[in-house]
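Visitor: Per my numbering, the sequence shown runs over residues 3 to 275.
In case anyone wonders, no lab produced these hints; they're calculated from the structure.
One or more hints might be untrue.
Stated by the list, open to error - Calculated cross-link-like contacts (lysine-lysine; reagent style DSBU-like; alpha-carbon spacing at most 30 angstroms):
#, residue 1, residue 2
1, K53, K121
2, K226, K212
3, K203, K53
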Amino acid sequence: MAVVVMREMDDTMENRVIFVHKESQSIHGEQRSAAMLTGDEYDVNFCFPVKDLESERVKLTPFIPSTHLHEFFAIPSPSYQHFPWGPFLTADDFNSSLIENRIQPNPACVLFAVYDKTKAAETGNPDGALAGAIGFCDASSANLHAEVAFVMISPRFQRTHVTSNAIGLLLHYALDLPSEGGLGLRRVVWKASPLNAASVKAAERMGFTKEGVLRWHWVLPEGKSMGGNGRERRTGDPKENALGRDTVVLSLCWDDWEAYGRDRVVAAMARTA
Numbered sequence: 003m004a005v006v007v008m009r010e011m012d013d014t015m016e017n018r019v020i021f022v023h024k025e026s027q028s029i030h031g032e033q034r035s036a037a038m039l040t041g042d043e044y045d046v047n048f049c050f051p052v053k054d055l056e057s058e059r060v061k062l063t064p065f066i067p068s069t070h071l072h073e074f075f076a077i078p079s080p081s082y083q084h085f086p087w088g089p090f091l092t093a094d095d096f097n098s099s100l101i102e103n104r105i106q107p108n109p110a111c112v113l114f115a116v117y118d119k120t121k122a123a124e125t126g127n128p129d130g131a132l133a134g135a136i137g138f139c140d141a142s143s144a145n146l147h148a149e150v151a152f153v154m155i156s157p158r159f160q161r162t163h164v165t166s167n168a169i170g171l172l173l174h175y176a177l178d179l180p181s182e183g184g185l186g187l188r189r190v191v192w193k194a195s196p197l198n199a200a201s202v203k204a205a206e207r208m209g210f211t212k213e214g215v216l217r218w219h220w221v222l223p224e225g226k227s228m229g230g231n232g233r234e235r236r237t238g239d240p241k242e243n244a245l246g247r248d249t250v251v252l253s254l255c256w257d258d259w260e261a262y263g264r265d266r267v268v269a270a271m272a273r274t275a
């Protein structure tokens, strides 16, 4: 089990959190690098305080590779069609390409493991069954905003209570005031491919409002034949073999949250069908 330790701050650092396994709290100095590799200590490196988030049916806990990586990779894989990364051939590829390259080094990003608590009896795990992952990117403590990202729910758990509860937990964490246990953010963003109607619909169901479309927003990895915007690149494009992707931008801001968003999220999380 991990415990939370808050790092001290100086003028150049934001709040950061590290999760340290109880038996390894005495690790110091040169042992720290080895601990990062073995999983005895893991630096979440997020610009906001991180904690477990839990509803009656779903639990989110910070994704720690030594604990969650191989279990995550063992469940049926989500579709990576609309992402600018993936699919991943191995657990190590997932860890090095996504966790170590994109998420952990960036204080604006964090990833949570998603557990379906209703499967506790089936799995023998009090947290239930690992259903996927979800997180934030582009988070800013200076500007009080974040983007829901890395939504990777295994097919078995799609179209169930899992996705709505996972998103809802993140929204409560982000938009509830600090006095209510949240971060008090002013703006939360959701981005999706225009071709990913299910993602756009999921966001709108949770109270997000469509703001517009960013044209040619992403360059997809070479080799991806789907998910592009369907438009040709010009001759001489430096990545002429890589598709371009447009992005729909949706938002849920603090005033939306107070007016209707919180109630809509509570209702969505309570749905049983």
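Visitor: Take the hints in turn and mark each one as holding or not.
Guide: We went through each hint and held it up to the structure:
1. K53 with K121: 22 angstroms, holds
2. K226 with K212: Holds, because 27 angstroms separates the two Cα atoms, which is no more than 30 angstroms.
3. K203 with K53: 28 angstroms, holds
Taken one by one, the earlier hints all hold for this structure without exception.
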